[in-house]
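A.B. asks: Chain residues, written in single-letter form:
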Amino acid sequence: MSLLAKKSASANGSNDIKDAVIRLAGNSQDGIQTVGGFLARLAGRSAQEVMTYMTIPSTISGGASIFQVRIGSGEVLSPGDEADFLIAFYQDSYENHLSSLKEGGVCLYDSDHVEPDTSDKRFTFVGVPMTSTTVEAIGGSARDRGKNIFVLGLLTKLFELERNKLVKIIESQFKRKHESVLRNAMLAFDSGYAYETGDVLSQSYAFEPGEAVEDNRITTDGNTALTYGLLAAGVRYGAGYPITPWSSIMETLRTELPKYGGTFIQSEDELAAISSAIGFAYAGHIAVTGSSGPGLSLKMEALGYACMAELPLVIVNVQRGGPSTGLPTSVEQSDLMQAIYGSHGDSPRVILAPKDVEDCYYIAIEACRIAKKYSTPVIILTDQSLSSRIEAFPEPDISDVKEPTLDLQMQPSEFRPYPLDSQTKHAPPGTKMAEGKYPVVTGLEHDEWGHPSSNPELHQEMTNRRRDKIKQLASSLSKLEIYGESEGDVLLIGWGSTWGPIREAVDYAKRNNQKVSSIHLRHIHPMPNGIDEIIENFNKAIVVEMNDEGLYGYGQLATLLRARYSNPKILCLTKTNGLGFKISEILEGIKNA
Amino acid sequence: MSSVTQNEPEKLTKKALKADHPTWCPGCGDFTVLACFFKVLEELQIPHENICTIAGIGCSSRFPYFVNSHGLHFIHGRALPLATGVSLSRPDLHVFAFGGDGDGFSIGGNHLEHCARKNPNLTYVIMDNFVYGLTKKQTSPTSPIGFQSKTDPNGAMDMPVNPMKKLVASGASFIARTHSNQVKHMTEMFSRAIKHKGFSVIEVLSECTMFYKGAFDDGNPRKGGTFEIIDEKTGDGSDEDMERHDISSETEAYALADLQYPGKFGVFYKKERASKNDLEQNLIKSGQEKSGDLDAKKLIAARFKAMR
Numbered sequence: 001m002s003l004l005a006k007k008s009a010s011a012n013g014s015n016d017i018k019d020a021v022i023r024l025a026g027n028s029q030d031g032i033q034t035v036g037g038f039l040a041r042l043a044g045r046s047a048q049e050v051m052t053y054m055t056i057p058s059t060i061s062g063g064a065s066i067f068q069v070r071i072g073s074g075e076v077l078s079p080g081d082e083a084d085f086l087i088a089f090y091q092d093s094y095e096n097h098l099s100s101l102k103e104g105g106v107c108l109y110d111s112d113h114v115e116p117d118t119s120d121k122r123f124t125f126v127g128v129p130m131t132s133t134t135v136e137a138i139g140g141s142a143r144d145r146g147k148n149i150f151v152l153g154l155l156t157k158l159f160e161l162e163r164n165k166l167v168k169i170i171e172s173q174f175k176r177k178h179e180s181v182l183r184n185a186m187l188a189f190d191s192g193y194a195y196e197t198g199d200v201l202s203q204s205y206a207f208e209p210g211e212a213v214e215d216n217r218i219t220t221d222g223n224t225a226l227t228y229g230l231l232a233a234g235v236r237y238g239a240g241y242p243i244t245p246w247s248s249i250m251e252t253l254r255t256e257l258p259k260y261g262g263t264f265i266q267s268e269d270e271l272a273a274i275s276s277a278i279g280f281a282y283a284g285h286i287a288v289t290g291s292s293g294p295g296l297s298l299k300m301e302a303l304g305y306a307c308m309a310e311l312p313l314v315i316v317n318v319q320r321g322g323p324s325t326g327l328p329t330s331v332e333q334s335d336l337m338q339a340i341y342g343s344h345g346d347s348p349r350v351i352l353a354p355k356d357v358e359d360c361y362y363i364a365i366e367a368c369r370i371a372k373k374y375s376t377p378v379i380i381l382t383d384q385s386l387s388s389r390i391e392a393f394p395e396p397d398i399s400d401v402k403e404p405t406l407d408l409q410m411q412p413s414e415f416r417p418y419p420l421d422s423q424t425k426h427a428p429p430g431t432k433m434a435e436g437k438y439p440v441v442t443g444l445e446h447d448e449w450g451h452p453s454s455n456p457e458l459h460q461e462m463t464n465r466r467r468d469k470i471k472q473l474a475s476s477l478s479k480l481e482i483y484g485e486s487e488g489d490v491l492l493i494g495w496g497s498t499w500g501p502i503r504e505a506v507d508y509a510k511r512n513n514q515k516v517s518s519i520h521l522r523h524i525h526p527m528p529n530g531i532d533e534i535i536e537n538f539n540k541a542i543v544v545e546m547n548d549e550g551l552y553g554y555g556q557l558a559t560l561l562r563a564r565y566s567n568p569k570i571l572c573l574t575k576t577n578g579l580g581f582k583i584s585e586i587l588e589g590i591k592n593a
Numbered sequence: 594m595s596s597v598t599q600n601e602p603e604k605l606t607k608k609a610l611k612a613d614h615p616t617w618c619p620g621c622g623d624f625t626v627l628a629c630f631f632k633v634l635e636e637l638q639i640p641h642e643n644i645c646t647i648a649g650i651g652c653s654s655r656f657p658y659f660v661n662s663h664g665l666h667f668i669h670g671r672a673l674p675l676a677t678g679v680s681l682s683r684p685d686l687h688v689f690a691f692g693g694d695g696d697g698f699s700i701g702g703n704h705l706e707h708c709a710r711k712n713p714n715l716t717y718v719i720m721d722n723f724v725y726g727l728t729k730k731q732t733s734p735t736s737p738i739g740f741q742s743k744t745d746p747n748g749a750m751d752m753p754v755n756p757m758k759k760l761v762a763s764g765a766s767f768i769a770r771t772h773s774n775q776v777k778h779m780t781e782m783f784s785r786a787i788k789h790k791g792f793s794v795i796e797v798l799s800e801c802t803m804f805y806k807g808a809f810d811d812g813n814p815r816k817g818g819t820f821e822i823i824d825e826k827t828g829d830g831s832d833e834d835m836e837r838h839d840i841s842s843e844t845e846a847y848a849l850a851d852l853q854y855p856g857k858f859g860v861f862y863k864k865e866r867a868s869k870n871d872l873e874q875n876l877i878k879s880g881q882e883k884s885g886d887l888d889a890k891k892l893i894a895a896r897f898k899a900m901r
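Chains A and B, in that order, give the protein sequences.
Numbering follows our numbering, with no gaps: position 522 of the first sequence is 522.
Numbering follows our numbering, with no gaps: position 3 of the second sequence is 596.
It should be emphasised that the hints constitute simulated quantities derived from the structure, not laboratory data.
Possibly wrong hints are sitting among the right ones.
[Stated by the list, open to error] Straight-line Cα separation of at most 25 angstroms, DSS-like style, residue types lysine-lysine; simulated pairs: (1) A:Lys102 x A:Lys18; (2) B:Lys604 x B:Lys632; (3) A:Lys432 x B:Lys604; (4) B:Lys898 x A:Lys437; (5) A:Lys175 x B:Lys788; (6) B:Lys632 x A:Lys165; (7) A:Lys175 x B:Lys898; (8) B:Lys878 x B:Lys826; (9) A:Lys168 x B:Lys730; (10) A:Lys402 x B:Lys891; (11) B:Lys891 x B:Lys788; (12) A:Lys432 x B:Lys608; (13) B:Lys759 x B:Lys863; (14) B:Lys788 x A:Lys432; (15) B:Lys878 x A:Lys402; (16) A:Lys437 x B:Lys632; (17) A:Lys402 x B:Lys890; (18) A:Lys373 x B:Lys632; (19) A:Lys437 x B:Lys878.
[To be verified] Computed list of chain A residues with no C-beta within reach of chain B, every gap over 10 angstroms: (20) Ala64; (21) Asn96; (22) Pro129; (23) Val181; (24) Leu182; (25) Asn216; (26) Arg217; (27) Leu271; (28) Ala302; (29) Asp421; (30) Lys432; (31) Arg467; (32) Ser475; (33) Pro526; (34) Tyr552; (35) Gly578.
[To be verified] DEER-style ranges, computed between Cβ atoms: (36) B:Ala895 x A:Ala474: 34 to 40 angstroms; (37) A:Asp117 x B:Ser884: 39 to 45 angstroms; (38) B:Asp613 x A:Gly63: 49 to 55 angstroms.
Cβ atoms here follow ideal geometry from the backbone N, Cα and C, with glycine treated the same way.
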């Protein structure tokens with residue numbers, strides 16, 4: 001619920017606002033992501049909360065593209081259901097996105113390209129010749145580059161943004177390019193800043209001072225946050241194959257890891273990528289591989305091996321719309337069952353999911369910790385919306401970041417990698433063995449020494465062992481925190497990027513005197529114990545997730561919770577239109593449950 | 594086996610390298626491959642703990658169980674990308690991959706091609722028996738046309754892979770071919786392959802006595818065949834030398850690969866070029882220099898500062 005909460009006009013003729021959603025709609029080559037990114041970073045530096053949302057067509061150039069940025073002085077948890085401002089670059093941007101503008105909102109359009117229906121009294125229309133004014137300002141360039149920066153100037157004036165801070169951000173962005181690029185950008189910016197919108201929009205808007213702590217906040221997207229979490233946790237080796245929206249993680253690792261003395265290799269396919277990552281793990285390192293839905297499927301056989309051989313490994317899966325090639329640039333949470341059960345045989349592994357951009361950093365660290373401690377593959381289920389959206393959050397404390405070490409301590413003669421009574425411990429190659437007897441790591445069922453064996457009792461014992469170590473992790477997890485009252489009518493249960501919209505829905509429902517609370521799972525498999533006790537105190541528990549209800553009427557996490565607790569109170573709210581949950585949809589779901 | 598002390602590395606012996614008795618059938622060609630491997634390791638005196646044997650799936654891929662060294666028995670066809678990971682992250686190790694024709698040319702064919710192109714520092718031994726043995730006689734990618742198997746009772750119809758041609762085309766930097774009955778030749782090939790910097794591959798014709806008996810008799814003088822060794826150029830400038838094989842020539846390697854079966858044995862091709870290990874190390878060196886040799890904490894702090 002983004003509300004352009006107008007307050008009384010202040011002395012300088014501007015309206016103080018608390019929260020605004022600005023949607024920029026154009027084509028993918030217009031650089032609207034750049035503008036959105038600048039606004040997000042400015043908000044991050046100005047103690048404002050910020051969240052962005054973007055769609056990029058999977059065509060390389062051309063095609064409609066939007067960037068939505070929500071800036072607020074209070075807590076911002078979702079990209080916003082509806083826009084307060086729509087900036088339309090073309091006729092089709094205007095036509096396709098007017099419906100996203102809330103009543104009373106402002107449509108700012110490029111009068112060189114757009115002819116709006118100004119008789120529509122629901123909105124305020126402001127025409128600005130963006131293209132021609134930019135061309136004029138920069139000096140007659142035939143190509144209409146720079147109108148994005150013109151618009152940024154326009155918005156800076158309109159929202160009374162901190163011009164000096166923004167100029168610094170623009171300078172730092174363009175400093176590596178030719179000086180004429182920065183000069184043209186500043187000409188376009190100043191031209192937009194100086195443009196008089198005239199009588200129609202006589203007032204400007206100013207954000208109330210932010211509530212966030214101004215110092216030491218960083219602004220970045222989920223994939224970048226996740227990548228730096230991996231680096232902070234000591235990941236120095238990895239392998240991957242390009243697929244949207246995972247690719248930016250591997251690109252960053254490929255360019256960053258050499259600085260850390262590490263290597264990330266681009267493999268010939270997904271199977272090779274996970275195989276090389278297992279090679280790194282076997283060699284004694286904490287390693288990473290990753291992909292998106294279809295690529296995770298290809299990795300499944302080798303993942304089963306890592307479960308059997310009990311090797312530590314982090315696998316990032318940036319979920320997108322499926323199945324098959326599906327909706328490569330849209331969001332979905334339909335890889336949960338694949339992540340948990342995707343391999344052949346009984347192959348328990350760990351699944352984690354970050355709740356927002358900041359959490360992408362911390363979940364990566366948690367994944368590495370678990371992978372090492374329990375000597376197990378850990379899958380991070382992030383998603384397309386988290387991957388590219390930008391948020392501002394407190395700069396993580398890196399005081400305990402250490403350089404990873406390789407443990408090649410000589411092992412005693414009684415060395416057992418898979419003891420039935422304690423944790424798995426490998427002796428990586430290079431380790432001297434006291435009696436000169438060296439271990440072989442295998443995907444065959446094996447005894448405590450790692451030696452192949454098809455003894456029936458042993459297979460049962462080893463299956464128990466691989467399962468029980470994951471259950472041990474479950475009992476070490478802290479109890480889930482309840483957002484809201486610990487008893488009431490409806491408990492919303494979420495995982496992954498639905499965290500924000502669910503929380504906003506709870507806030508809204510509470511303001512309307514509904515007894516709604518929520519819990520959120522970051523550890524999904526194993527899930528923490530005690531969820532049943534929480535559900536007990538509510539009449540209904542609705543699992544909100546972006547996947548299909550399937551043949552039996554329940555979403556993927558809902559199915560698991562029902563299987564675990566056999567509790568008919570557990571219901572579900574699912575959607576698969578490639579877009580995140582709107583607050584209104586969750587509220588509607590509560591009403592209909 | 595006596596205990597190893599940290600100070601005096603014990604001499605590496607065949608005895609110390611022996612592990613489980615191989616599960617191969619009596620007469621299987623792979624036995625001699627194992628014996629030659631022991632012999633070469635003994636000659637080279639590689640530190641015992643730094644030997645790492647890796648394999649996929651197949652009869653020959655049981656290899657790591659029969660060598661007392663650090664080892665890993667992986668999934669079907671993917672030994673090479675795994676071995677690449679081990680090699681790239683551990684310059685102290687000597688990495689060996691073993692497998693058969695199914696593992697190398699069929700399910701893992703793509704990896705062989707790309708491993709050849711990437712040129713990581715490791716040695717790959719393909720025990721080629723022209724048949725699927727572990728699964729009991731199905732057509733393999735190297736089965737000749739007409740070979741009767743359980744999947745081709747009327748004779749194989751698909752053109753077999755030409756391993757030497759495939760390897761030359763893929764860019765492998767050391768390519769050799771030998772025969773499991775020729776211990777001396779095989780040992781020499783192993784030794785040269787191990788000393789090569791980069792990706793070295795040896796195809797060993799290794800008979801499956803159970804499902805393709807006599808497959809390589811044509812290359813075995815004791816069975817009436819001929820074992821013709823490639824006469825390599827010595828560079829002595831003589832007329833005879835002009836006729837000899839130039840191991841640096843792809844064209845000549847191709848011509849050799851086109852000879853009628855059983856063809857010739859020896860080094861088909863060898864090229865000195867930077868290994869992936871070296872190239873990645875260069876990247877690390879320049880990356881660290883450019884960033885001022887900062888430690889992880891400082892690198893991350895600098896990045897966070899730029900995100901403010």
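A.B. asks: Hint by hint, note whether the structure agrees.
C.D. replies: Here is how each hint holds up against the structure:
Pair hint Lys102 of chain A plus Lys18 of chain A holds up; C-alpha atoms about 16 angstroms apart against a cutoff of 25 angstroms. With a C-alpha separation of about 13 angstroms, the suggested pairing of Lys604 of chain B with Lys632 of chain B holds against the 25 angstroms cut-off. A C-alpha spacing of about 14 angstroms is found between Lys432 of chain A and Lys604 of chain B, which places the hinted pair at or below 25 angstroms, so the restraint holds. For the hint linking Lys898 of chain B to Lys437 of chain A, the alpha-carbon distance of about 50 angstroms lies beyond 25 angstroms, and the restraint is violated.
This hinted pair does not check out: Lys175 of chain A and Lys788 of chain B have alpha carbons roughly 49 angstroms apart, beyond 25 angstroms. Annotation: proposed proximity of Lys632 of chain B to Lys165 of chain A is violated, straight-line Cα distance about 71 angstroms (limit 25 angstroms). Restraint check for Lys175 of chain A and Lys898 of chain B: the C-alpha separation of about 16 angstroms stays at or below 25 angstroms, so the hint holds. This hinted pair does not check out: Lys878 of chain B and Lys826 of chain B have alpha carbons roughly 38 angstroms apart, beyond 25 angstroms.
Distance check on the hinted pair: Lys168 of chain A and Lys730 of chain B sit about 71 angstroms apart at the alpha-carbon level, beyond 25 angstroms; violated. Of the pairs offered as hints, the one joining Lys402 of chain A and Lys891 of chain B holds, with about 11 angstroms between alpha carbons and a cut-off of 25 angstroms not exceeded. For a cut-off of 25 angstroms, the pair hint linking Lys891 of chain B to Lys788 of chain B is broken: about 40 angstroms separates their Cα positions. Using a Cα cut-off of 25 angstroms, the hinted pair Lys432 of chain A and Lys608 of chain B holds, with the two alpha carbons roughly 17 angstroms apart.
For the hint pairing Lys759 of chain B with Lys863 of chain B, the CA-to-CA distance comes to about 14 angstroms; that is within 25 angstroms, so the pair holds. Taking the CA atoms of Lys788 of chain B and Lys432 of chain A, the gap is about 24 angstroms. The hint holds against a cut of 25 angstroms. Restraint check for Lys878 of chain B and Lys402 of chain A: the C-alpha separation of about 20 angstroms stays at or below 25 angstroms, so the hint holds. With a C-alpha separation of about 19 angstroms, the suggested pairing of Lys437 of chain A with Lys632 of chain B holds against the 25 angstroms cut-off.
Distance check on the hinted pair: Lys402 of chain A and Lys890 of chain B sit about 7 angstroms apart at the alpha-carbon level, within 25 angstroms; holds. A hinted pair counts as satisfied when its Cα atoms are at most 25 angstroms apart, and Lys373 of chain A with Lys632 of chain B does not qualify at roughly 40 angstroms. Simply put, Lys437 of chain A and Lys878 of chain B have alpha-carbon atoms about 37 angstroms apart, too far for the 25 angstroms limit, and the pair is violated. No beta-carbon of chain B comes within 10 angstroms of the beta-carbon of Ala64 of chain A; the shortest separation is about 29 angstroms.
With a least beta-carbon separation of about 32 angstroms from chain B, Asn96 of chain A lies farther than 10 angstroms from that chain, consistent with its non-interface assignment. Against the 10 angstroms criterion, Pro129 of chain A stays outside the reach of chain B, whose nearest CB is about 35 angstroms from its own CB. At roughly 19 angstroms, the least C-beta separation between Val181 of chain A and chain B is larger than 10 angstroms, which holds for a residue marked as non-interface. Look at Leu182 of chain A: its CB is around 17 angstroms from the nearest CB on chain B, clear of 10 angstroms, so calling it non-interface holds up.
Under the 10 angstroms C-beta cut-off, the non-interface status given to Asn216 of chain A relative to chain B is violated; the minimum distance is some 7 angstroms. Some Cβ of chain B comes within 10 angstroms of the Cβ of Arg217 of chain A; the nearest lies about 7 angstroms off, and the non-interface call is violated. Here Leu271 of chain A does not stay apart from chain B, with its beta-carbon only about 6 angstroms from theirs, under the 10 angstroms limit. With a closest Cβ-Cβ approach of about 6 angstroms to chain B, Ala302 of chain A is found to fall inside the 10 angstroms limit, against its non-interface label.
With a minimum CB-CB distance of about 25 angstroms to chain B, Asp421 of chain A clears the 10 angstroms threshold, and the non-interface call stands. Not every CB of chain B lies more than 10 angstroms from the CB of Lys432 of chain A, the least distance being 5 angstroms, so the non-interface label is violated. Listed as a non-interface residue, Arg467 of chain A keeps its Cβ farther than 10 angstroms from every Cβ of chain B; the least gap is roughly 21 angstroms. Even its closest Cβ contact with chain B, about 32 angstroms, leaves Ser475 of chain A beyond 10 angstroms, as expected for a residue assigned away from the interface.
No beta-carbon of chain B comes within 10 angstroms of the beta-carbon of Pro526 of chain A; the shortest separation is about 26 angstroms. The beta carbon of Tyr552 of chain A sits about 33 angstroms from the closest Cβ of chain B, which is more than 10 angstroms, so the claim that it is off the interface holds. Listed as a non-interface residue, Gly578 of chain A keeps its Cβ farther than 10 angstroms from every Cβ of chain B; the least gap is roughly 29 angstroms. Between Ala895 of chain B and Ala474 of chain A the beta carbons are some 38 angstroms apart, a value that agrees with the proposed interval 34 to 40 angstroms.
Judged by the Cβ atoms, the range 39 to 45 angstroms given for Asp117 of chain A and Ser884 of chain B is violated: they are separated by roughly 55 angstroms. Between Asp613 of chain B and Gly63 of chain A the beta carbons are some 60 angstroms apart, a value that contradicts the proposed interval 49 to 55 angstroms.
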